[in-house]
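Enquirer: Sequence:
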Amino acid sequence: MPSSAIVLYLLTVCIWGSTWLGIKFQLGTVQPLVSVIYRFAIAGIFLFIWCALARAPLRISRRNHGFIALQGCTLFGLNYWLVYWSEVYLTSGIVAVIFSSLVFLNIFNARFFLQRKVSGYGLLGGGVGFVGVALLFYPEIRELSLNDHALRGFAFGFGATFIASLGSIVATRNSHSGLPVITVNAWGMFYGTLMLTIAALVSGAHFSYEYTASYTLSLLYLALFGSVIAFGAYLRLLAIIGPEKAGYSSLLIPIVALAISTVYEHYVWSIPAIIGLALIVSGNILALRR
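The numbering of the sequence shown is the numbering used here, which starts it at 1 and goes up by one.
There could be a bad hint or two in this list.
[Claimed, not checked] Pairwise CB distance ranges (calculated):
#, residue 1, residue 2, range
1, G204, I229, 31 to 39 Å
2, A150, F108, 39 to 47 Å
3, A52, G204, 29 to 37 Å
4, I240, I60, 18 to 26 Å
5, W269, P180, 36 to 44 Å
6, I6, L114, 18 to 26 Å
No lab work stands behind these hints, which were simulated from the structure alone.
Beta carbons are placed, not taken as given, at the ideal position from N, Cα and C, and that holds for glycine.
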């Protein structure tokens with residue numbers, strides 16, 4: 001990969017891996033869906049201010065508005081809502097395993113929608129990495145019982161992953177529209193926030209706020225770093241290396257999350273987890289080689 005792509009890739013992985021800890025401080029008084037709305041609303045406002053200061057174009061064609069709205073609803077909206085629903089029925093580790101299937105979905109959706117070639121090394125690397133993620137969360141998988149609640153959680157989790165993959169495909173298309181990433185993301189987060197707000201009103205969600213330093217600081221971190229910077233890096237990455245290879249970031253993100261958990265939550269690494277770590281790294285090297 002080009003050096004710029006490597007920087008963007010590592011930036012995406014490191015920031016999104018750290019957001020797991022940030023999300024932990026969001027759970028409690030405020031309903032998760034409402035916290036996500038706050039997150040993307042703040043990120044969107046910041047991006048519109050950035051566009052104004054950078055003199056980035058905000059007036060775009062009606063056709064581009066349609067595609068950016070689709071990107072916003074899939075990448076910044078519906079997928080997040082379904083992930084939270086999935087975690088109602090499943091542990092976050094199981095959801096992380098489900099979400100790592102983004103690797104394969106991006107490969108096949110890029111083939112179907114963008115007519116991009118399927119790489120044998122990409123499929124092999126994805127398979128190796130997917131097994132590695134499963135080993136990372138082997139204790140949670142071992143204790144899983146397949147009842148109606150678990151199956152419902154799987155349905156929500158896979159639906160979220162599939163929609164996120166479609167969002168990556170649309171974002172790849174939008175990256176070639178000639179518009180700056182900040183313009184696309186500003187309007188995309190506006191549409192995503194609008195969709196989530198409508199969903200919250202329809203579902204009867206209660207809009208409240210937790211006036212604590214931990215909630216406010218974690219919200220700002222998720223909005224500015226987890227949304228503005230990380231999504232900016234990821235969307236630029238889509239344009240440089242394509243959705244197939246960018247999707248491999250979903251395999252490395254759990255490693256960063258568990259590394260942070262080792263320091264702050266005393267996570268203990270088991271032999272299956274160490275083997276899983278080695279497989280994930282091997283799968284990324286295999287798939288992202290020139």
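Enquirer: If you check the beta carbons of A150 and F108, does the distance land in 39 to 47 Å?
Expert: 25 Å, violated
Enquirer: Cβ-Cβ distance between I240 and I60: within 18 to 26 Å?
Expert: 22 Å, holds
Enquirer: Using the beta carbons of A52 and G204, state whether their distance is inside 29 to 37 Å or not.
Expert: 36 Å Cβ-Cβ, so the 29 to 37 Å window holds.
Enquirer: Falls inside 18 to 26 Å, the C-beta gap from I6 to L114?
Expert: About 23 Å separates the Cβ atoms of I6 and L114, which means 18 to 26 Å holds.
Enquirer: Taking the beta carbons of G204 and I229, is their distance inside 31 to 39 Å?
Expert: Roughly 33 Å apart at Cβ, these two residues keep to the hinted range, so it holds.
Enquirer: Could you say whether the range 36 to 44 Å given as a hint is met by the Cβ separation of W269 and P180?
Expert: 42 Å, holds
This entry does not satisfy hint 2, going by the numbered hints stated previously; all others are met.
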